[in-house]
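Chemist: Please work from the sequences and hints to get the whole structure.
The sequence shown begins at 11 in the numbering used here and counts up by one.
Cross-link-like lysine-lysine pairs, in silico, DSS-like; alpha carbons within 27 Å at most:
{"id": "1", "residue 1": "48", "residue 2": "107"}
{"id": "2", "residue 1": "48", "residue 2": "113"}
{"id": "3", "residue 1": "116", "residue 2": "44"}
{"id": "4", "residue 1": "44", "residue 2": "113"}
{"id": "5", "residue 1": "48", "residue 2": "115"}
{"id": "6", "residue 1": "48", "residue 2": "116"}
{"id": "7", "residue 1": "44", "residue 2": "115"}
Label pairs and their calculated CB-CB ranges:
{"id": "8", "residue 1": "56", "residue 2": "20", "range": "49 to 57 Å"}
{"id": "9", "residue 1": "153", "residue 2": "89", "range": "15 to 23 Å"}
{"id": "10", "residue 1": "79", "residue 2": "56", "range": "24 to 32 Å"}
{"id": "11", "residue 1": "135", "residue 2": "39", "range": "45 to 53 Å"}
{"id": "12", "residue 1": "157", "residue 2": "18", "range": "55 to 63 Å"}
{"id": "13", "residue 1": "66", "residue 2": "29", "range": "54 to 62 Å"}
Derived from the structure by calculation, the hints contain no laboratory data.
Cβ coordinates follow ideal geometry from the N, Cα and C atoms, glycine included.
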Amino acid sequence: MKKTSNKGFSMVELIIVIAIMAILAAALAPSLIKYINKSRLSTAVSDGTTIASAINSALASEAAFQAADSYTGATLLNTVLTGSDAFAQEVSENVGKASVTGKAKKDLGGSALSTVYYIQVDTVNNTVSVYYGDTAAAHMVSPNVGTLLAN
Numbered sequence: 011m012k013k014t015s016n017k018g019f020s021m022v023e024l025i026i027v028i029a030i031m032a033i034l035a036a037a038l039a040p041s042l043i044k045y046i047n048k049s050r051l052s053t054a055v056s057d058g059t060t061i062a063s064a065i066n067s068a069l070a071s072e073a074a075f076q077a078a079d080s081y082t083g084a085t086l087l088n089t090v091l092t093g094s095d096a097f098a099q100e101v102s103e104n105v106g107k108a109s110v111t112g113k114a115k116k117d118l119g120g121s122a123l124s125t126v127y128y129i130q131v132d133t134v135n136n137t138v139s140v141y142y143g144d145t146a147a148a149h150m151v152s153p154n155v156g157t158l159l160a161n
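Modeler: Here's what the structure looks like:
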């Protein structure tokens, strides 16, 4: 008599394993997506803090400080980086890039965000505010982090 030995898996066993893996993947995917978005928001906050430091360094120059008066309202950072006045040139040198964008596309509330930074310079009170995605206080990055960007 010939002895046969089954050394592999049956088709049913393979299908069951694949089904279990699909169920686990479906259960873990939403959590993974949420963690990825939180990580991107954290990066946006960190980058915004770096941008605020670069702007404060730029304001140390007298010519840049005087030119900064034109940026009192919320202004797109990329517009500043491509500007030609003394403030724009100093900020561009300190940031070291021609444009800056983030990767986070949703805030913690689930609302869609644009991936741009806004800055607001107040030379009277010597403050610099940086926002991500929107100019609302909940989207502030610096000097305080808004409620919709970090918890």
